[in-house]
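So the chains spell out like this:
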Amino acid sequence: MTIFTKRYYVFLPGLGLFLALSVLLSIMIGPVFVSPVSIIRLWLEWISFGLIPSGVSDMQRTIVFDIRMPRVVLAALVGGGLAVSGAAMQGLFRNPMAEPYVLGMSAGAAAGASFAIVLGAGAIFGIFAVPALAFIGAVVTIFFVYSISRTDGRVPTETLLLSGIAAGFFLQAIVSFLKLIASMETLREVVLWLMGSFSGATWGSAGLASGPVVLGTLILIWLSYELNALQFGDETAMHLGMEVETVKRIILIAVALITAVSVSVSGIIGFVGLVIPHIARLSAGADHRIQLPVAAFSGGIFLVIADTLARTINRPMEIPIGIITASVGAPYFIYLLRRRKKAISWW
Amino acid sequence: MGIIGQNGAGKTTLLKILTGVKRPLTGTVILDGNCLDTLSRKKIAAIMAVVPQNTFIPPLFTVEDVVGIGRYSRRNNRFTESFVDRIAIDNAMKRTGCIRFRDKIISELSGGERQEVLIARALAQEPKVLLLDEPTANLDIMHQIKIMSLVKKIIQKSGFTAIMVIHDLNLAARFCNRLLLLHDGCMLAEGCTAEVLTEHNIDTAYNVKCSIQFNSVVNAVQVTVVGCTDSNLNNCLNFDKG
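Line order of the protein sequences matches chains A and B.
Read the first sequence against the numbering used here and you will find it ends at 447, with the numbers running on by one and no gaps.
Read the second sequence against the numbering used here and you will find it ends at 245, with the numbers running on by one and no gaps.
One thing to keep in mind: the hints can contain errors.
Stated by the list, open to error - Using 16 Å as the maximum straight-line C-alpha spacing, the simulated EDC-like pairs for lysine to aspartate or glutamate come out as follows:
1. 45(B) <-> 289(A)
2. 45(B) <-> 137(B)
3. 97(B) <-> 137(B)
4. 25(B) <-> 158(A)
5. 45(B) <-> 345(A)
6. 25(B) <-> 345(A)
7. 107(B) <-> 171(B)
8. 25(B) <-> 285(A)
9. 155(B) <-> 137(B)
10. 25(B) <-> 418(A)
11. 160(B) <-> 171(B)
Stated by the list, open to error - Computed footprint of chain A on chain B; a stretch qualifies when at least three of its residues, placed anywhere within it, have a C-beta under 8 Å from a C-beta of chain A:
12. 41-47
13. 59-68
What the hints contain is simulated information worked out from the structure, not anything from laboratory work.
Positions of the beta carbon are idealized from the N, C-alpha and C atoms, including for glycine.
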């Protein structure tokens, strides 16, 4: 069955358009309203290296390019990346509750970031301390979880899951301890970081994140046929001709890349990796070759809108985006469960 | 060829070793002249296809999806189906008869129909050898005969070899040309059906006394279990002892 059906050709570009519109809308909205025309003119000026003048004020240019665009772009990237990772994890573990953080990466990043914040590494190592330690925490955790799950050259998915849960608990304990010994200010900083935010986005962080996230996403989409075959079980996949352990490893590395980078630049944003894949599967089918691209676009749209809400609902204060995604994600997920119970458990 | 033996004699283990899922403690498996561990999974799949026993199949997939995944090792393009793939899938479904319910989802099928789909999936791989793990387990007598006849017909028509782990000695006797009798992890007997199925062999392998008669209706020997080695059925049931 080919995936390039009419549906594919209509649905995906449609989603892409929707994403572009959400991005535009998000850049427009803020304490200073920037008209869409101005934004497009600014883009044209940027693309044409200044040959097509935008005629837009410097203030607006700064707002669009230095303040809003980095965070919107980052939100789209992280949203898409986490959604695709979630879909891959659900396919890999054949479990509808799986999501990118299920192997303890969020807890590892939390531990790393808390460490950095509470022990004042920022003063010594500068502003990169927190993201760097968060990244290291996430990567070390998944590496550790993978290594202890290895038996006889194989890494059974059930063992991975359990090891991840155990590691998560342990790391949460470390985070709690760090919160305990923290001063009031650093405590608040830790808590805010944990809830996730795009407010600190710069072209530096967006640029740095884009490479790994896009690469990871492309790898996962490439492996979506493998994910289809894995639904039949590891042994059957082997019989069908797949090098199962190699494929698993690549999928996990891609997910780790996307997740660790995302978490280090924007904190722990939940529900995107869990709910968006289900929505994608319900609207586009369980064939991963379609589900993953749909999830990527949907995740991007979701997080761009969530970020817009995060900075406008309670102006001038920003609500951490993790709260928005959870508040919207959880009820919608319950609603989905009640309506389409069968489709949530597709296996 | 049928692989027969008691529970725990090592039939499934042997199958796992043959397909490369498990490594043998000693010795090597040679497939088409090459050592199994030197071959990539894709190459193995191009020669050997496995029909597993009562395995889990994602219930929401359609028959066509399941048969289609059998092309994994043969596909050139992972996102679209080539003409060759399409033909192979359709042929596989036609030969097993499951083409008549190609759009049904797996959860709606009976046990016998599921087996047909699994065999079709193996056929879509275009292998030279078919390995089946107790394909008739949990099937009613009609479907048992149907599946066994199907496999026999397939190998006769295509020149495949089929190696089947089977529990039912009489089905094995009827449909297999050669048998491999395992006992305690070792090979007890190997050869033509009539050679292997002797009262002595079955006594050693299964600890039962039996009577073997030729049944001209099905043109094969048939095994009838008479009793345990004690030749007294009551002594087989150890409930009253200790």
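Outcome of the hint check:
Restraint check for residue 45(B) and residue 289(A): the C-alpha separation of about 52 Å exceeds 16 Å, so the hint is violated. With a C-alpha separation of about 24 Å, the suggested pairing of residue 45(B) with residue 137(B) is violated against the 16 Å cut-off. For the hint linking residue 97(B) to residue 137(B), the alpha-carbon distance of about 23 Å lies beyond 16 Å, and the restraint is violated. Between the alpha carbons of residue 25(B) and residue 158(A) the distance comes to roughly 68 Å, so the proposed pair goes past 16 Å and is violated.
Pair hint residue 45(B) plus residue 345(A) holds up; C-alpha atoms about 14 Å apart against a cutoff of 16 Å. Taking the CA atoms of residue 25(B) and residue 345(A), the gap is near 14 Å; set against the 16 Å cutoff, the hint holds. For the hint pairing residue 107(B) with residue 171(B), the CA-to-CA distance comes to about 30 Å; that exceeds 16 Å, so the pair is violated. Using a Cα cut-off of 16 Å, the hinted pair residue 25(B) and residue 285(A) is violated, with the two alpha carbons roughly 57 Å apart.
Distance check on the hinted pair: residue 155(B) and residue 137(B) sit about 15 Å apart at the alpha-carbon level, within 16 Å; holds. Note on residue 25(B) and residue 418(A): the hinted pairing is violated, with a Cα-Cα distance of about 56 Å set against a maximum of 16 Å. Of the pairs offered as hints, the one joining residue 160(B) and residue 171(B) is violated, with about 24 Å between alpha carbons and a cut-off of 16 Å exceeded. With a threshold of 8 Å between beta carbons, the proposed coverage of the segment 41-47 of chain B by chain A holds, since 4 of its residues qualify and at least three are required.
For the segment 59-68 of chain B, the stated coverage by chain A holds: 8 residues have a C-beta nearer than 8 Å to a C-beta of that chain, and at least 3 were required.
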